[in-house]
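Protein chains: 2
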Amino acid sequence: MTTKELVAQIQKKKSFLCIGLDVDLDKIPSHLLKEEDPIFAFNKAIIDATHHLCVSYKPNTAFYEAYGLKGWKSLEKTIHYLNENYPEIFTIADAKRGDIGNTSTMYAKAFFEDLAFDSVTVAPYMGKDSVEPFLTFKDKHTIMLALTSNEGAFDFQTKKIDDNELYKHVLETSKSWKNSENLMYVVGATKAEYFTEIRKIVPNSFLLVPGVGAQGGNLQDVCKYGLSENVGLLINSSRGIIYASNGNDFAEKAAKKALKIQQQMKNYIK
Amino acid sequence: MTTKELVAQIQKKKSFLCIGLDVDLDKIPSHLLKEEDPIFAFNKAIIDATHHLCVSYKPNTAFYEAYGLKGWKSLEKTIHYLNENYPEIFTIADAKRGDIGNTSTMYAKAFFEDLAFDSVTVAPYMGKDSVEPFLTFKDKHTIMLALTSNEGAFDFQTKKIDDNELYKHVLETSKSWKNSENLMYVVGATKAEYFTEIRKIVPNSFLLVPGVGAQGGNLQDVCKYGLSENVGLLINSSRGIIYASNGNDFAEKAAKKALKIQQQMKNYIK
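For the record, the sequence lines run as chains A and B.
Note that the first sequence ends on residue 298 in the numbering used here; no numbers are left out.
Note that the second sequence ends on residue 298 in the numbering used here; no numbers are left out.
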């Protein structure tokens, strides 16, 4: 998917919501557990009920890997279902991968070719040659961790190298990488004030923003400081939407939660 | 596996060799491609021929994920084969994972419980709460990236925060984390001179050292600066061993390469 197509979808749906499919068998409605593939059954219901309210889904690969082969199969079924039924959706494999060059190419193939995701999240620690292999794929997007929403973000990301925090250094440096136009960035919503600084470095890049809701971020603040000319934000909510109810009405209740967020978002889209 | 058991195995085999199982279908002997599971068939032959010369195997998960479900199945069969037939071997899932707390717990479950690896590699960028969930597993080891062997290591890892490079800051900070005795570190062999500095910070920790061979590192230098009282090194070689030949004799040739390295290593073990 091109960035232009993503922006067009945002304008059409008046939404820049991304729904995180972090599916935990201990948290889904118990009546689904008798299904052959409870995780996929859950995802399918959530997707069917919410696809018109969001522009993106983001399965976190950890939740699938934790169930071994079965979990990987559920992930595969979920991405195929999305690509076949809702091809307009921007899909994100939240995998936070990163390795030396030839190995990063293998990861890129896994997520861009084998699973056919539109994008994948990556970690920056290993630098340029660990990320560039992802950037060579046409119309695919690489979403690099910049400033995360967890407490540990302050351990290294906000430490100063010369006069700039590490996360700013990561943003700045990545702009010089080959095909850097295929980069987006993860920026946690728990620190809305940082968005002003970030927008000075990457004024137009898309930012994937976790931490609105469960992790305490505030939509209004994020929009105030983070919106770009092309919106430039994908705001993720996982647990707050998908676990809105664990009864038979779980998908309906999830849609209500998503609608509530979309109704707030539409005010920020001209 | 406990660290004590790992050290005992090193002493017994007079080896601290780790063999990287980075299996690429384009590089394995073509006669294996007619097998039902060529990747597992390759790994099994390599393991059977080399297990007495090394103390550890390290499948890099990227190479398995690139083949989707089939690849994940080959990984599962490989680790089960190792655990059943060579339980003395220290197994490493080279996955370079890392995410916020509850998600890191899912990754830890995937590799420590579902797949039953002895250890997993993780990335440090997200800090303490992204790594600590891995450290709570008894007799499991978490191998954190410190200084990697690729060119991109110089993008961020060697940049100075106050007076210390980021990778030293990572090493130092991690020592204060809960259950930090379960930490090991990845240190690239292309920069042997750094080992002196690293040993000042983590004198006894095990270091997993990639980059001897294909990436240009030198065994002698690494031993000179990196050995600790308990050896404290796992030296990895992947392509140099497993792709020694692509004929029918591939396993035999791999064993010859491994033996050559083991013969050098025995001189460093008292």
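Among the clues, some could well be false.
Which copy is meant is left open, because identical chains are indistinguishable; a pair holds if it fits in one copy or across any two.
[Stated by the list, open to error] Derived pair list, reagent style BS3-like, types lysine-lysine, alpha-carbon separation capped at 25 angstroms: (1) Lys62 with Lys137; (2) Lys55 with Lys137; (3) Lys72 with Lys288; (4) Lys98 with Lys72; (5) Lys55 with Lys41; (6) Lys252 with Lys137; (7) Lys298 with Lys285.
Hints are computed from structural coordinates only; laboratory data are not their basis.
What you are looking at is a predicted structure, and each value in this text was computed from that prediction instead of being measured.
In rising order, the numbers of the hints this structure does not comply with: 5 and 6
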